[in-house]
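Whenever a hint applies, use it, and build me the whole structure from the sequences.
Chains as they are written, first to last, in full-length UniProt numbering: chain A, 1 to 270; chain B, 1 to 331.
Careful: at least some of the hints might be erroneous.
Claimed, not checked - Calculated pairs, DMTMM-like style, for lysine to aspartate or glutamate (alpha carbon to alpha carbon, straight line, at most 20 Å): (1) K232/B with D218/B; (2) K132/A with D146/A; (3) K261/A with E233/A; (4) K232/B with D97/A; (5) K124/A with D159/A; (6) K261/A with E244/A; (7) K124/A with D113/A; (8) K124/A with E234/B; (9) K261/A with E241/A; (10) K124/A with D182/A; (11) K232/B with D99/A; (12) K124/A with D218/B; (13) K232/B with E219/B; (14) K132/A with E234/B; (15) K232/B with E80/A; (16) K261/A with E249/A; (17) K232/B with E215/B; (18) K132/A with D99/A.
Said to hold, decoys possible - Which chain B residues stay away from chain A? Per the calculated CB distances, all over 12 Å, these: (19) F66; (20) V120; (21) I200; (22) A251; (23) N254.
Unchecked claim - Cβ pair distances, simulated, as ranges: (24) G35/B with D99/A: 56 to 62 Å; (25) T148/B with P96/A: 29 to 35 Å; (26) E215/B with G40/A: 21 to 27 Å; (27) S17/B with G153/A: 47 to 53 Å.
What the hints contain is simulated information worked out from the structure, not anything from laboratory work.
From a predicted model like this one, the values you see are computed outputs, not experimental measurements.
Note that the Cβ used here is the ideal one computed from N, Cα and C, for glycine as well.
These are the residues of each chain, in order.
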Amino acid sequence: MSDRSKTTDGTVRERGADASESARGTEPLLRIEDVHKSYGDEEVLRGIDLEIDRGDVEVLVGPSGSGKSTLLRCLNRLTEVDSGHIYLGETEVTAPDTDPNAVRQQIGMVFQDINLFAHLTARKNVTLGLRKVRGLSAAEARQRADSELDRVGLADQADSYPAQLSGGQKQRVGIARALAMDPEVMLFDEPTSALDPELSNEVLEVMQGLVAEGMTMVVVTHEMRFARGGASEITFLADGEIVERGPPETLFENPEHERTKQFFESIRHE
Amino acid sequence: MSVADALGIDVGRLRESTDDLGRVAMVVAGIAFWGWLVTRWLYDWTLGRWGIGPGAGENVLSPAPFEQAAAALEGSVVALGPVRLPVDWLATLVDGVALAIDIAPALATGAWYTVVLTTVAIVLGFFIAVPMAVLRVYGGPFRWIALTYTELIRGTPLLAQLFVLYYTPYLALWLNDASVVGQGFVPDYAFWIAIIGFTINGSAYQAEYIRGALESVDEGQLTAARAIGLSKLEGIRHVVLPQTLRYAIPAWTNELVYLIKYSSLAGFITVPELYYRASRIASSTFEYTPIFTLLALVYLGIVLSATNLMDRVERRYAVPGIGQAEGRQQG
Numbered sequence: 001m002s003d004r005s006k007t008t009d010g011t012v013r014e015r016g017a018d019a020s021e022s023a024r025g026t027e028p029l030l031r032i033e034d035v036h037k038s039y040g041d042e043e044v045l046r047g048i049d050l051e052i053d054r055g056d057v058e059v060l061v062g063p064s065g066s067g068k069s070t071l072l073r074c075l076n077r078l079t080e081v082d083s084g085h086i087y088l089g090e091t092e093v094t095a096p097d098t099d100p101n102a103v104r105q106q107i108g109m110v111f112q113d114i115n116l117f118a119h120l121t122a123r124k125n126v127t128l129g130l131r132k133v134r135g136l137s138a139a140e141a142r143q144r145a146d147s148e149l150d151r152v153g154l155a156d157q158a159d160s161y162p163a164q165l166s167g168g169q170k171q172r173v174g175i176a177r178a179l180a181m182d183p184e185v186m187l188f189d190e191p192t193s194a195l196d197p198e199l200s201n202e203v204l205e206v207m208q209g210l211v212a213e214g215m216t217m218v219v220v221t222h223e224m225r226f227a228r229g230g231a232s233e234i235t236f237l238a239d240g241e242i243v244e245r246g247p248p249e250t251l252f253e254n255p256e257h258e259r260t261k262q263f264f265e266s267i268r269h270e
Numbered sequence: 001m002s003v004a005d006a007l008g009i010d011v012g013r014l015r016e017s018t019d020d021l022g023r024v025a026m027v028v029a030g031i032a033f034w035g036w037l038v039t040r041w042l043y044d045w046t047l048g049r050w051g052i053g054p055g056a057g058e059n060v061l062s063p064a065p066f067e068q069a070a071a072a073l074e075g076s077v078v079a080l081g082p083v084r085l086p087v088d089w090l091a092t093l094v095d096g097v098a099l100a101i102d103i104a105p106a107l108a109t110g111a112w113y114t115v116v117l118t119t120v121a122i123v124l125g126f127f128i129a130v131p132m133a134v135l136r137v138y139g140g141p142f143r144w145i146a147l148t149y150t151e152l153i154r155g156t157p158l159l160a161q162l163f164v165l166y167y168t169p170y171l172a173l174w175l176n177d178a179s180v181v182g183q184g185f186v187p188d189y190a191f192w193i194a195i196i197g198f199t200i201n202g203s204a205y206q207a208e209y210i211r212g213a214l215e216s217v218d219e220g221q222l223t224a225a226r227a228i229g230l231s232k233l234e235g236i237r238h239v240v241l242p243q244t245l246r247y248a249i250p251a252w253t254n255e256l257v258y259l260i261k262y263s264s265l266a267g268f269i270t271v272p273e274l275y276y277r278a279s280r281i282a283s284s285t286f287e288y289t290p291i292f293t294l295l296a297l298v299y300l301g302i303v304l305s306a307t308n309l310m311d312r313v314e315r316r317y318a319v320p321g322i323g324q325a326e327g328r329q330q331g
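Right, here's the structure in full:
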């Protein structure tokens, strides 16, 4: 396990270095500054600050209601922040004059309840964005979709409808759909929690593959196997605040805060 | 051992062959029905107008032999004693055939108006209904526009709506001023009033059906559409509506069936459709029962054709996991 995390880490750092040389210096790819969000009287995000480098895999963990999914949805403006700023590279995502549709093309998202377009085949699920958002021709979109489906190991299911796929297969199509848009960052909102454990594995394998390719990822998950093996940093949130952040080994073995320790112990017992 | 086994009858095959027989009978009846209507329409528009054959609206077949046969049967009734009743029924039936032949041209012409009125109104109404339903569900502060529209239209009688439109001088004058109205193949202005009335009325009901279907599509679908960079409207257009319309087909078929029958109300504003024709003939001949029975049969023919067509549409666009065609697709 630790071996794998080291090699993954190595790849990640290499990729990160490439990117920083080519364009943005040492700027983090994703910068979150003092983000607040309330639903009614309940403040679900109470000033989140986070910087994620290109090629990093940030795993967000925490008890339910801690605000991790809300934070994720703020990143591509599916939820609007009340105050604070989010930057993707040079672009301020949260700026009023930023077109959220343009930002969302650069930020892929994978959902807990998968949300494949139910009336479209696996291939058409992938081509829809390519055709209608990217404006690709039918032939180009099809070619791209088939290669993305191949990447998640579902080339043979391209003509199946969502209702004909297993949960794990559906989620892999969901990942392919997001990847096809060539995002700079991939957001995963509990991608395996609606799946049976044996179906989770195939999804986690695809995600590990993305880690190895150097994709920048922000992942909300309860899958500690993935967090251990794939994360560059783990952020522990509780009650809308970041309690602790650090590399997996530190947070798992040697957390600073009692709250973090309790949380990891509680999920170990599950 | 059942009777069927004893007789060496394969029940499964028998059932299959009666099913087939039923299907064949339906197809034959459908071809005969539409064959009659279309032939009549085409004849009336072309050869009938040019003075070839009996002329537009006139009978091709003569009802005379059937009338004579019926009269003969009725005349023999008294002498027959115990078989009197069945012969009497037969006489009524033959008389009905004679009547059917007699009024068939009028019914066919009326059916043309009924079919056109219904088809145009349902299609135009659909294009009003979809935006109304979308406005109602996703319109935010503008939902009340759609709400007012549907409640106003659904809450008032269709006949009252037709009369209001028919007697509105502005609309009548404007339509009468249009020089093409009532000329050649272009129907009279009452017809256009009826189209407007049924379009508006049908659109309100269709909007309600579509709204129901819109709300049954999981909201995660639109979220996912937006997450790949589609705007809200694009997401509705490409992701939500295609699913909605599949869910809505059964209810929408229902609206089509209603509209076919409600189109008879156009007769009250003098559109010469099916009901209007039949009631005119009935009030001059006093043969109410047979005439309205024949009228009902023509409506039945149109309605069955419409439901059959919609069933095909539903199957054609069926997708595994969506709507009610799913179960029917298996086996």
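To see whether the hints hold, each was checked on the structure:
no.: 1; hint: K232/B with D218/B; result: 15 Å, holds
no.: 2; hint: K132/A with D146/A; result: 17 Å, holds
no.: 3; hint: K261/A with E233/A; result: 16 Å, holds
no.: 4; hint: K232/B with D97/A; result: 17 Å, holds
no.: 5; hint: K124/A with D159/A; result: 8 Å, holds
no.: 6; hint: K261/A with E244/A; result: 10 Å, holds
no.: 7; hint: K124/A with D113/A; result: 19 Å, holds
no.: 8; hint: K124/A with E234/B; result: 16 Å, holds
no.: 9; hint: K261/A with E241/A; result: 16 Å, holds
no.: 10; hint: K124/A with D182/A; result: 17 Å, holds
no.: 11; hint: K232/B with D99/A; result: 13 Å, holds
no.: 12; hint: K124/A with D218/B; result: 19 Å, holds
no.: 13; hint: K232/B with E219/B; result: 12 Å, holds
no.: 14; hint: K132/A with E234/B; result: 8 Å, holds
no.: 15; hint: K232/B with E80/A; result: 15 Å, holds
no.: 16; hint: K261/A with E249/A; result: 13 Å, holds
no.: 17; hint: K232/B with E215/B; result: 15 Å, holds
no.: 18; hint: K132/A with D99/A; result: 16 Å, holds
no.: 19; hint: F66; result: 54 Å, holds
no.: 20; hint: V120; result: 28 Å, holds
no.: 21; hint: I200; result: 30 Å, holds
no.: 22; hint: A251; result: 18 Å, holds
no.: 23; hint: N254; result: 22 Å, holds
no.: 24; hint: G35/B with D99/A: 56 to 62 Å; result: 58 Å, holds
no.: 25; hint: T148/B with P96/A: 29 to 35 Å; result: 33 Å, holds
no.: 26; hint: E215/B with G40/A: 21 to 27 Å; result: 24 Å, holds
no.: 27; hint: S17/B with G153/A: 47 to 53 Å; result: 49 Å, holds
No hint from the list above goes unmet by this structure.
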